[in-house]
Amino acid sequence: ETFYDLEEIKVALQAAKENSNLMVLASMTFNQNLKTLYGVDPERAVVVLESEGADGVGANCGNGPEVLYEVLKIMRKASKTYLMVEPNAGMPELLKGKVVYSASPKIMADYTEKFVQLGLNLIGGCCGTTPLHIKAMSAKIIFKSR
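Residue 1 is where the sequence shown starts when you use my numbering, and the numbers rise one by one after that.
Keep in mind the hints are simulated off the structure, nothing from the lab. Accuracy of the hints is not assured; some may be wrong.
Unchecked claim - Computed list of lysine to aspartate or glutamate pairs in DMTMM-like fashion (alpha-carbon distance at most 25 Å, straight line):
1) K114 x E66
2) K96 x E70
3) K135 x E66
4) K35 x E70
5) K80 x E7
6) K114 x D41
7) K80 x D41
8) K10 x E50
9) K77 x D41
10) K106 x D55
Said to hold, decoys possible - Restraint-style ranges between C-beta atoms, simulated for each label pair:
11) L94 x L132: 14 to 24 Å
12) D110 x R76: 14 to 24 Å
13) S102 x M23: 27 to 37 Å
14) K96 x E7: 39 to 49 Å
15) K96 x E18: 43 to 53 Å
16) K98 x Q14: 37 to 47 Å
17) V100 x G124: 19 to 29 Å
18) V11 x K140: 13 to 23 Å
Quick caveat, the model's predicted, so the values are computed rather than measured. For glycine and all other residues, C-beta sits at the position ideal for the given N, C-alpha and C.
The task is simple: from the sequences and hints, build the whole structure.
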């Protein structure tokens, strides 16, 4: 789910933790100003979500990999736990009656490499991501067993 509001995600996080023994990752979406629609910055999101018991934090959806890369750089400095990212394949545009996303598989793969360098634990894709995007992205990830 895409969350903009800390109060909403805190309720969802609490419900997930109370009803599951699985790890719970909490992810929010951020705009080009690196804030949620409710004005939450990445550092505050990390601090609050980790204090509420999130096993991991991150960002999804939003304005594509460029913006989320900047968000995750901030989160990396603030976080003590797992980090995740699932960017859109760019911003959607309506061209000739069809929704098109601006980030090609190569662009998503290039940002995947940057996300790996940041030490992210989970990297995926959100809106507009196709199997071709995921294939290109996965080629940039070196899998390591723990």
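Outcome of the hint check:
no. : hint                    : in the structure
1   : K114 x E66              : 10 Å, holds
2   : K96 x E70               : 32 Å, violated
3   : K135 x E66              : 19 Å, holds
4   : K35 x E70               : 11 Å, holds
5   : K80 x E7                : 21 Å, holds
6   : K114 x D41              : 21 Å, holds
7   : K80 x D41               : 17 Å, holds
8   : K10 x E50               : 10 Å, holds
9   : K77 x D41               : 13 Å, holds
10  : K106 x D55              : 31 Å, violated
11  : L94 x L132: 14 to 24 Å  : 21 Å, holds
12  : D110 x R76: 14 to 24 Å  : 18 Å, holds
13  : S102 x M23: 27 to 37 Å  : 32 Å, holds
14  : K96 x E7: 39 to 49 Å    : 41 Å, holds
15  : K96 x E18: 43 to 53 Å   : 48 Å, holds
16  : K98 x Q14: 37 to 47 Å   : 40 Å, holds
17  : V100 x G124: 19 to 29 Å : 21 Å, holds
18  : V11 x K140: 13 to 23 Å  : 35 Å, violated
Hint violations for this structure: numbers 2, 10 and 18, all remaining hints satisfied.
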